[in-house]
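Make a model of the complete structure from these sequences and hints.
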Amino acid sequence: MSFNVLIVDDSHSMRSVIKKIIAISGFKMDQCYEAGNGKQALEILSKTWVDVILSDLNMPEMNGMELLSALKGDNLLQEIPVIIVSTEGSDERRNLVLKMGAKQFIKKPFSPEHVRKILYEVIGVGDDGTYEGNERGDESSDF
Amino acid sequence: MKEMNEAMRAAIFDVFERMYYVFFEPFHDEYAEYTMGSSIKFDGPLRGELMILVSEELAKVMVQNLLGIEGEDIKEQDIEDCVKEAANMICGDFLSRLDQTKVFDLSIPLFIRLPGGFREGNRACRLSFDSENGMFGATLSLTE
Chain A
1 MSFNVLIVDD
11 SHSMRSVIKK
21 IIAISGFKMD
31 QCYEAGNGKQ
41 ALEILSKTWV
51 DVILSDLNMP
61 EMNGMELLSA
71 LKGDNLLQEI
81 PVIIVSTEGS
91 DERRNLVLKM
101 GAKQFIKKPF
111 SPEHVRKILY
121 EVIGVGDDGT
131 YEGNERGDES
141 SDF
Chain B
144 MKEMNEAMRA
154 AIFDVFERMY
164 YVFFEPFHDE
174 YAEYTMGSSI
184 KFDGPLRGEL
194 MILVSEELAK
204 VMVQNLLGIE
214 GEDIKEQDIE
224 DCVKEAANMI
234 CGDFLSRLDQ
244 TKVFDLSIPL
254 FIRLPGGFRE
264 GNRACRLSFD
274 SENGMFGATL
284 SLTE
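In order, the protein sequence lines correspond to chains A and B. For the first sequence, position 91 matches number 91 in the numbering used here, and the numbering has no gaps at all. With positions in the second sequence counted from 1, the corresponding number in the numbering used here is that position plus 143.
Incorrect hints may have been included.
[What the hints assert, rightly or not] Lysine to aspartate or glutamate pairs mimicking EDC-like chemistry, simulated, CA-CA at most 16 Å apart:
{"id": "1", "chain 1": "B", "residue 1": "K245", "chain 2": "A", "residue 2": "D91"}
{"id": "2", "chain 1": "B", "residue 1": "K203", "chain 2": "B", "residue 2": "D273"}
{"id": "3", "chain 1": "A", "residue 1": "K107", "chain 2": "B", "residue 2": "D157"}
{"id": "4", "chain 1": "B", "residue 1": "K245", "chain 2": "A", "residue 2": "E92"}
{"id": "5", "chain 1": "B", "residue 1": "K184", "chain 2": "B", "residue 2": "E287"}
It should be emphasised that the hints constitute simulated quantities derived from the structure, not laboratory data.
This is how it looks when you write it as structure tokens:
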């Protein structure tokens, strides 16, 4: 089982780092899509399905909070688990994005191990690529 | 003031050690040659601007260690992006160390080339460090 990932961050270097961490973590990645803001992310999502989104909050044009709202307002896209990766680490902000539908919150700076652990929790995939099921997967699939 | 200095120092160390694998020591930088920097504004219970200052050598090491590219493969865009992201992370980390319970809004960081060097103004906080990979400085100015 391999997964499509969408990384949303206005920093090209941060997108590359996250992509590299996912690649070396044993996570079976099929396609990795990249967007520089929420608007570009929605354009990608209008054409293709992804299994998980990792998104920054502070971005030009359309920020991460606006992206979360847009996803929540779409019957299909609201099913995609979103992990927020941000420098903004206040308890209030964290609680707000979780309330808005994000599955997890990773604060920058992060360690590769932490990103891997959160991905495992959200998608339910181990180091060997074995799918271990999560809420959505348990209901909709039997792999 | 002491609290701000400590929070800023801890944020800088954390970001550089975890993301760029660079380890700093305190340094008096009156002769430092910073060639670039990045500024980011924040708004919330405190308002102000953080500016980080980086030597050419350090900027290249940051790109090298973060992205795994070196030499001629390092483009100006990589350097700019890397320095801006460092300002973003340090500012966010600094503010959450000051008060984890308060929400701050951060601006999009700006990249600045400093061909004439850096001129110090009135700052609430000024820190400088050296490493085997080059020099780093940070200034914080608060607005009423």
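Hints, verified against the model:
Proposed proximity of B:K245 and A:D91 is supported: the alpha carbons are some 8 Å apart, at most 16 Å. The hinted pair formed by B:K203 and B:D273 meets the criterion: a straight-line CA distance of about 15 Å does not exceed 16 Å. At roughly 12 Å between alpha-carbon atoms, A:K107 and B:D157 fall within 16 Å of each other, so this suggested pair holds. Taking the CA atoms of B:K245 and A:E92, the gap is about 7 Å. The hint holds against a cut of 16 Å.
At most 16 Å may separate the alpha-carbon atoms for a hinted pair to count; B:K184 and B:E287 meet this at roughly 13 Å.
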